[in-house]
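Asks: Sequence:
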Amino acid sequence: MLGCNKPDPRMYYHASAALELAPEQCLFVDDDPALVAAAIGLGYAGRAVCRGSVTADVPSIASLAELLDLF
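Take 652 as the starting number for the sequence shown in the working numbering and just add one per residue.
I should point out that these hints are in silico values taken from the structure, not numbers from a laboratory. On a predicted model such as this, the values are computed, not experimentally measured, just so you know. Incorrect hints may have been included.
To be verified - Result set (SDA-like, lysine to any residue): computed pairs, CA atoms no more than 20 Å apart in a straight line: (1) 657 to 691; (2) 657 to 701; (3) 657 to 674; (4) 657 to 668; (5) 657 to 680; (6) 657 to 686; (7) 657 to 677; (8) 657 to 720; (9) 657 to 670; (10) 657 to 721; (11) 657 to 711; (12) 657 to 681; (13) 657 to 683; (14) 657 to 703; (15) 657 to 693; (16) 657 to 692; (17) 657 to 673; (18) 657 to 669; (19) 657 to 667; (20) 657 to 678; (21) 657 to 716; (22) 657 to 719; (23) 657 to 688; (24) 657 to 682; (25) 657 to 672; (26) 657 to 696; (27) 657 to 675.
Stated by the list, open to error - Pairwise CB distance ranges (calculated): (28) 655 to 720: 30 to 36 Å; (29) 673 to 702: 17 to 23 Å; (30) 656 to 719: 27 to 33 Å; (31) 719 to 655: 18 to 24 Å; (32) 683 to 654: 19 to 25 Å; (33) 669 to 692: 17 to 23 Å; (34) 715 to 685: 18 to 24 Å; (35) 652 to 721: 14 to 20 Å; (36) 717 to 655: 28 to 34 Å; (37) 654 to 714: 18 to 24 Å; (38) 719 to 668: 24 to 30 Å; (39) 653 to 720: 29 to 35 Å; (40) 654 to 722: 31 to 37 Å.
For each residue, glycine too, the CB sits at the ideal point set by N, CA and C.
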């Protein structure tokens, strides 16, 4: 337990540090565009899963299968 919640930067940094990766080496995926925006603001790549709607604020995908196109 970190004693904090997303979008607290400690949550994102803890995850990338645990993976021994720099933020720019990580992709954050969530169904909340605000949380994706927070991750992008910290240097992470990000995609919001927006089933049925698209958000212009952050890059989005309609399904997790679309993540395969990123690699």
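Asks: Look at each hint and say if it fits the structure.
Replies: Verification of the hints:
For the hint pairing residue 657 with residue 691, the CA-to-CA distance comes to about 13 Å; that is within 20 Å, so the pair holds. For the hint linking residue 657 to residue 701, the alpha-carbon distance of about 19 Å falls within 20 Å, and the restraint holds. Using a Cα cut-off of 20 Å, the hinted pair residue 657 and residue 674 holds, with the two alpha carbons roughly 15 Å apart. For the hint linking residue 657 to residue 668, the alpha-carbon distance of about 16 Å falls within 20 Å, and the restraint holds.
Proposed proximity of residue 657 and residue 680 is supported: the alpha carbons are some 13 Å apart, at most 20 Å. Straight-line distance between C-alpha atoms of residue 657 and residue 686 comes to about 7 Å, which keeps the hinted pair within the 20 Å bound. Distance restraint check for residue 657 and residue 677: the Cα-Cα separation of roughly 16 Å lies within the 20 Å cut-off, and the hinted pair is therefore satisfied. Among the hinted pairs, residue 657 with residue 720 is inconsistent with the structure: their alpha-carbon atoms are about 27 Å apart, more than 20 Å.
With a C-alpha separation of about 18 Å, the suggested pair residue 657 and residue 670 falls inside the 20 Å cut-off, and the hint holds. Restraint check for residue 657 and residue 721: not satisfied, since their Cα atoms lie roughly 24 Å apart, outside the 20 Å limit. Simply put, residue 657 and residue 711 have alpha-carbon atoms about 19 Å apart, close enough for the 20 Å limit, and the pair holds. Under the criterion of a C-alpha separation no larger than 20 Å, the hint pairing residue 657 with residue 681 is consistent with the structure, at around 11 Å.
A distance of roughly 11 Å separates the Cα atoms of residue 657 and residue 683; the hinted pair therefore holds under the 20 Å criterion. Straight-line distance between C-alpha atoms of residue 657 and residue 703 comes to about 24 Å, which puts the hinted pair past the 20 Å bound. In summary, the hint linking residue 657 to residue 693 is supported, as the alpha carbons are separated by about 12 Å, within the 20 Å threshold. At most 20 Å may separate the alpha-carbon atoms for a hinted pair to count; residue 657 and residue 692 meet this at roughly 13 Å.
With a C-alpha separation of about 18 Å, the suggested pairing of residue 657 with residue 673 holds against the 20 Å cut-off. A hinted pair counts as satisfied when its Cα atoms are at most 20 Å apart, and residue 657 with residue 669 qualifies at roughly 16 Å. Using a Cα cut-off of 20 Å, the hinted pair residue 657 and residue 667 holds, with the two alpha carbons roughly 14 Å apart. Using a Cα cut-off of 20 Å, the hinted pair residue 657 and residue 678 holds, with the two alpha carbons roughly 15 Å apart.
For the proposed pair residue 657 and residue 716, the alpha carbon gap of about 24 Å is over 20 Å, so the pair is violated. With a C-alpha separation of about 25 Å, the suggested pairing of residue 657 with residue 719 is violated against the 20 Å cut-off. This hinted pair checks out: residue 657 and residue 688 have alpha carbons roughly 11 Å apart, not beyond 20 Å. A threshold of 20 Å between alpha carbons decides the hint, and for residue 657 with residue 682 the separation of about 13 Å falls inside it, so the pair holds.
Straight-line distance between C-alpha atoms of residue 657 and residue 672 comes to about 19 Å, which keeps the hinted pair within the 20 Å bound. Restraint check: the Cα-Cα separation between residue 657 and residue 696 comes to about 16 Å, which is no more than 20 Å; the hinted pair holds. A threshold of 20 Å between alpha carbons decides the hint, and for residue 657 with residue 675 the separation of about 18 Å falls inside it, so the pair holds. About 33 Å separates the C-beta atoms of residue 655 and residue 720, a value consistent with the hinted range of 30 to 36 Å.
A hinted range of 17 to 23 Å is violated for the C-beta pair residue 673 and residue 702, which are about 30 Å apart. Between residue 656 and residue 719 the beta carbon distance is about 30 Å. The supplied range of 27 to 33 Å therefore holds. At about 32 Å, the CB distance of residue 719 to residue 655 disagrees with the hint of 18 to 24 Å. Range check, residue 683 to residue 654: Cβ separation about 20 Å, and the 19 to 25 Å hint holds.
The given range of 17 to 23 Å is respected by residue 669 and residue 692, whose C-beta atoms sit roughly 20 Å from each other. The hinted window of 18 to 24 Å between residue 715 and residue 685 holds, with their beta carbons roughly 19 Å apart. Range check, residue 652 to residue 721: about 31 Å between beta-carbon atoms, so the 14 to 20 Å window is missed. Between residue 717 and residue 655 the CB atoms are about 30 Å apart, so this pair conforms to the stated range of 28 to 34 Å.
Between residue 654 and residue 714, the C-beta spacing of about 34 Å breaks the proposed range 18 to 24 Å. A C-beta distance of roughly 26 Å is found between residue 719 and residue 668, which places it inside the suggested range of 24 to 30 Å. Separated by about 32 Å at the C-beta atoms, residue 653 and residue 720 satisfy the suggested range of 29 to 35 Å. For residue 654 and residue 722, the Cβ-Cβ distance of about 34 Å falls inside the hinted range of 31 to 37 Å, so the restraint holds.
Consistency note: the structure conflicts with the earlier hints numbered 8, 10, 14, 21, 22, 29, 31, 35, 37.
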